[in-house]
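Since chain U is already given, all that's left is putting chain H on it; use the hints.
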Amino acid sequence: MSEKEPLFSPKNRKLIFNPLSKDNPITVQVLGICSALAVTVKMKPAFVMALSVMVVLASANVIVSLLRNTIPNRIRIIVQLVIIALLVILVDQVLKAYVYDVSKQLSVFVGLIITNCIIMGRLEAFALGNKPWPSFLDGIGNAAGYGLILMIVAFFRELFGSGSIFGFQIIPDVWYIKNGGFYENNGLMVLSPMALITVGIIIWVHRSKNRDLIEKK
Amino acid sequence: MENLVNIFVKSIFIDNMVFAYFLGMCSYLAVSKTVKTSVGLGLAVVFVLGITVPVDYLLHNFVLREGALAWLSPKFAEVDLSFLSFIMFIAIIASMVQLVEMIVEKFAPALYSSLGIFLPLIAVNCAILGGSLFMQERDYNSIAEATSFGLGSGLGFFLAIIGIAAIREKIRYSDIPAPLRGLGITFIITGLMGLAFMSFMGIKI
Numbered sequence: 001m002s003e004k005e006p007l008f009s010p011k012n013r014k015l016i017f018n019p020l021s022k023d024n025p026i027t028v029q030v031l032g033i034c035s036a037l038a039v040t041v042k043m044k045p046a047f048v049m050a051l052s053v054m055v056v057l058a059s060a061n062v063i064v065s066l067l068r069n070t071i072p073n074r075i076r077i078i079v080q081l082v083i084i085a086l087l088v089i090l091v092d093q094v095l096k097a098y099v100y101d102v103s104k105q106l107s108v109f110v111g112l113i114i115t116n117c118i119i120m121g122r123l124e125a126f127a128l129g130n131k132p133w134p135s136f137l138d139g140i141g142n143a144a145g146y147g148l149i150l151m152i153v154a155f156f157r158e159l160f161g162s163g164s165i166f167g168f169q170i171i172p173d174v175w176y177i178k179n180g181g182f183y184e185n186n187g188l189m190v191l192s193p194m195a196l197i198t199v200g201i202i203i204w205v206h207r208s209k210n211r212d213l214i215e216k217k
Numbered sequence: 001m002e003n004l005v006n007i008f009v010k011s012i013f014i015d016n017m018v019f020a021y022f023l024g025m026c027s028y029l030a031v032s033k034t035v036k037t038s039v040g041l042g043l044a045v046v047f048v049l050g051i052t053v054p055v056d057y058l059l060h061n062f063v064l065r066e067g068a069l070a071w072l073s074p075k076f077a078e079v080d081l082s083f084l085s086f087i088m089f090i091a092i093i094a095s096m097v098q099l100v101e102m103i104v105e106k107f108a109p110a111l112y113s114s115l116g117i118f119l120p121l122i123a124v125n126c127a128i129l130g131g132s133l134f135m136q137e138r139d140y141n142s143i144a145e146a147t148s149f150g151l152g153s154g155l156g157f158f159l160a161i162i163g164i165a166a167i168r169e170k171i172r173y174s175d176i177p178a179p180l181r182g183l184g185i186t187f188i189i190t191g192l193m194g195l196a197f198m199s200f201m202g203i204k205i
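Those protein sequences? They're chains U and H, same order as listed. The first sequence maps to residues 1 to 217 in my numbering. The second sequence maps to residues 1 to 205 in my numbering.
If you are wondering where the hints come from, they were derived from the structure by calculation, not from laboratory data. By construction, the Cβ of each residue, glycine as well, lies at the ideal position given by its N, Cα and C atoms. Where hints are given, some of them may not hold.
Which residues of chain H face chain U? A partial, calculated answer using Cβ under 10 Å [said to hold, decoys possible]:
#1 F19
#2 A20
#3 S132
#4 G182
#5 F197
#6 F200
#7 I203
Next comes chain U alone, as it looks inside the complex (with noise of 0.2 Å):
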């Protein structure tokens, strides 16, 4: 890549929009999933999480791929590590001095964004081997693919599951049978394994839209 080349070209485009659709990483890439079910019950906690991902992602895509010709490739899982281990913590002492209520609902899974594989995933597959800028957009693309998918199944568990969505009300309350109407909430979409097959379900839309993704027998 010249030093000349613009800030937005076609090939730089690409690694921010590739992720949301045909290169999403939890559908297609298969990373990330373990955080991406546990945190969708509702909308705020999946926003909150997607945020941290990106952050996290993108600073060590840059600071790994400042550093991809001075690590030694025996350590550099260890190395890896540490950066992603340093900037979680950052981003959890963060989370608990301004947004409390929602950083103890994420409980243990803030933590758990250091195993997050989408993170390792990016960093040996692109990070290693490319400059900061591209890598700073690859960690971008990624995680708004990764939040994409967290706000789509967010979306259906918090509007079957709870009736609102960011903690709106949006089934008006008279619907209700407590209140003399004919609806009642879903309690199976609070569950986790509706998760998992909510997610089951945009593989199998997602697939039909894009055929060549489908896997080979």
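For chain H alone, kept in the frame of chain U given last:
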């Protein structure tokens, strides 16, 4: 003693790492294509969790938590190092995994080559770090409790991965809609297995 058994059973069935908390999903999905490799990975996870949780328990209680350093000298009684716990835990885990890798390479070369890349990746398996973080959050009273929690969670992961591997081996012969093939159906099966495991939730122990 009864308490230990309770924690053990609870962490296998009720608080199952995979079905209740989705931890270790990445390797769970990636390695579960055949029963043989998933047995290997499951055993490795049981072993690593059984070691790292008690070690991290000691670390948490004698170094990191607020006032933990009081045994060293009374003037450290107010030191709170718990913000360091992520980085310390991951360092312990990474070194333990390295140790396990060397042992397996020496004594079971066949298993070593069949596990391949996944053995070092246990270091970034969320189930392992998750075990330590849950141990910290739930505040177990003794190292025996922490150990039985670690072994139980490992065994829960072991059961889950063997179950899904067995199902995936059979499902290869069935006619699944093409876009759902592979990853999609695995997610949905895992969800159904999770629903089945939820029936344990009513058990009070």
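Against the structure, the hints come out as follows:
| no. | hint | in the structure |
| --- | --- | --- |
| 1 | F19 | 7 Å, holds |
| 2 | A20 | 6 Å, holds |
| 3 | S132 | 9 Å, holds |
| 4 | G182 | 4 Å, holds |
| 5 | F197 | 8 Å, holds |
| 6 | F200 | 13 Å, violated |
| 7 | I203 | 17 Å, violated |
Consistency with the previously given hints fails for numbers 6 and 7, ordered from lowest to highest.
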